[in-house]
Amino acid sequence: MPRLDPESLPVHVDRLYRAAWALCGSPHDAEDLVQETFVRVLSRPRLLRNDDELAYLMRVLRNTFLSSRRTASRRPHVTATLEDLELADQRVADRPEQALETQALYGAIAELPDDFRLALVAVDILGLSYGEAGRALGAREATITTRLHRARRKVVASMDERPPREGSAPRRSLD
Amino acid sequence: MGSMSEHPDRERVAADEQRIAALLHAVEAPAPAALHQRIAALNAASRARRRRPRAPVLGFAGAFAAAAVALTIVLVAGTGSAPSALAASRLALERPTGPAPAALVAAGTTIAFPQWSNRGWPSAGARSDTLDGRRVTTEFYRSYDAGTLGYAIVAGSPLRWGAGGRVVSRAGADYAVISSGGAQIVTWVQDGHTCVLASRTASAATLVALAVAQDGGSPV
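Protein sequences, first through last, are from chains A and B. Everything in the first sequence is counted per our numbering, starting at 1 for the first residue and increasing by one. Everything in the second sequence is counted per our numbering, starting at 1 for the first residue and increasing by one.
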């Protein structure tokens, strides 16, 4: 049975961070969640049963998120600001509107029910296949498909309900 | 019959979903550099632990080197917004605000503070603080010949160290030893939470010995 290679883990940090941000709704909490996930993963050798690395990490991220939230007994909250978005490069810096849209997107995802949010994070943010997402989340592939469909629809609805920003042009729809 | 083009609403919904999916795939929000560096430090410490049993002598040297690298990395990462163990140590150097109960468990954790009376360190009080939103519980102990020390436990994921220092390995675990402002500070991670022992009067060796006694052997 293959073992998780700790040396390969750093390449997944960015994607896990985005996934954690969408789960928590806060970039600061996302940092804590990713770090806690790596603490767990690195605490002892890990076997990859039917997972690839990313699917395995998604499972640990989910478990860490749920257990930490149970401990904190709180709903996810959105505290991101525009400054929280570390712009990857000048191409993104030149697109402040997209940065705002990203922030709104992550906020909308953080408000989804857990099952929908996890399915969307696994497939649309981490890039897992439906099958991998199903194994990582302990759900059937068909269930993941349904949850993902509903999650996306809720996000679309949430984005459509956003109030226009002060001083900005009238909000355009997602069309 | 029944094609997508005959159902404009369904077509619109599908287009919206595709757009959301495409937008999420395209998002460029990299993890902060400080997080990358903390993960690298965790990995270095993990690597050192993995190597240790195979070649004890080289393993110790390797662990020390790796931990030194990790320390350097974490120190470089010290510009991040998260609090540091050094900041927590300042709370451990404050005064207690009241007596400690007989069995005190750190807020937000399941870690119980030890009874060190039989080691010559009876309890001298406790305090509760918040550090950047994290709950910090501190119990103080006072020795007749070595003064006072504070033992702070910070709820939440491990903190960066935040100051110069060295790493010592005991019983399979690593402890960061820091000297700052005339105080000796020892920090380690237990059950996923940062623990800090700090004193202006006790030696670093004493603090490490107490940390080892309390800790189950988790790495920094």
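In short, the hints are calculated from the structure, not lab data. Among the hints, erroneous ones may be present.
Okay, the calculated beta carbon distance ranges per label pair [stated by the list, open to error]:
| no. | chain 1 | residue 1 | chain 2 | residue 2 | range |
| --- | --- | --- | --- | --- | --- |
| 1 | A | G131 | B | A15 | 22 to 30 Å |
| 2 | B | Q115 | A | H149 | 53 to 61 Å |
| 3 | B | T130 | A | R3 | 39 to 47 Å |
| 4 | B | R200 | A | P10 | 56 to 64 Å |
| 5 | B | A103 | A | E161 | 44 to 52 Å |
By construction, the Cβ of each residue, glycine as well, lies at the ideal position given by its N, Cα and C atoms.
Hints, verified against the model:
1. A/G131 to B/A15: 22 to 30 Å: holds (26 Å)
2. B/Q115 to A/H149: 53 to 61 Å: Distance hint for B/Q115, A/H149 holds at roughly 56 Å.
3. B/T130 to A/R3: 39 to 47 Å: holds (40 Å)
4. B/R200 to A/P10: 56 to 64 Å: violated (39 Å)
5. B/A103 to A/E161: 44 to 52 Å: holds (50 Å)
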